[in-house]
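Chain by chain, the residues:
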Amino acid sequence: DTAVSQTPKYLVTQMGNDKSIKCEQNLGHDTMYWYKQDSKKFLKIMFSYNNKELIINETVPNRFSPKSPDKAHLNLHINSLELGDSAVYFCASSKSRGIGTDTQYFGPGTRLTVL
Amino acid sequence: GNSVTQMEGPVTLSEEAFLTINCTYTATGYPSLFWYVQYPGEGLQLLLKATKADDKGSNKGFEATYRKETTSFHLEKGSVQVSDSAVYFCALNDLTGGGNKLTFGTGTQLKVEL
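Just so you know, the sequences run in chain order A and B.
Using the working numbering, read the first sequence as starting at 1 and increasing by one per residue.
Using the working numbering, read the second sequence as starting at 1 and increasing by one per residue.
Read the hints as simulated data drawn from the structure, not as lab findings.
Be careful, since some hints might not be right.
So the derived label-pair ranges between C-beta atoms look like this [to be verified]:
1) P40/B / S5/A: 16 to 22 Å
2) R67/B / V12/A: 43 to 49 Å
3) E76/B / T101/A: 20 to 26 Å
4) T70/B / S96/A: 26 to 32 Å
5) G29/B / L115/A: 41 to 47 Å
The C-beta atom is built at its ideal place from N, Cα and C for all residues, glycine as well.
Assemble the whole structure, with the sequences as input and the hints as a guide.
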């Protein structure tokens, strides 16, 4: 029944490693997002995809590469992890890309800790 | 660019007290406005939203009115409960750049005590 799910919930890894976070939504939405929440709880958008097409890329280092194999899935791959990448990463989805009234539905988050 | 400013927390209240969390915004155009809540250890849930001026969003006893003249969307609740303890985020929907993204305030932590 989970609308937006993410795996894993926790991820602890060493600096320099490469890791992936997966997101799936079963709401039938066209648009998916990745947000980053830092240690002070500040949330900022990273990427957005609409029907597998990248539509928002908010000056994120190119070590971060999103991939959307279909409109229900949006994965985030991070190369050469750095200490500053430690954060909680939230996936979200909304019905469409261009209607400002749409609600975004968030997943439970993935807490990434880079040691 | 667009931005959202929230009152700094933490806010500590006794149960049944009145709650106000201030939120003001700067935006071009006419954004939709949202309040999201994050309970400890969980993701964000939509609490309420308003999509045009003078709209009032309400849910679970919380209310907020979209005030275009003061560019504000303050969150209120008449009588808070311990279970309302959470972080509250004000956000606006920014359609510039061809996408649909939420711009968040910094969040306000609310702690309700018995």
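Going down the list of hints, with the structure as the test:
1. P40/B / S5/A: 16 to 22 Å: 20 Å, holds
2. R67/B / V12/A: 43 to 49 Å: 45 Å, holds
3. E76/B / T101/A: 20 to 26 Å: Given a distance of about 22 Å, which is inside 20 to 26 Å, the answer is holds.
4. T70/B / S96/A: 26 to 32 Å: The hinted range 26 to 32 Å holds for T70/B and S96/A, with Cβ atoms some 30 Å apart.
5. G29/B / L115/A: 41 to 47 Å: With a Cβ separation near 43 Å, G29/B and L115/A satisfy 41 to 47 Å, so the hint holds.
In terms of the numbered hints stated before, the structure departs from none.
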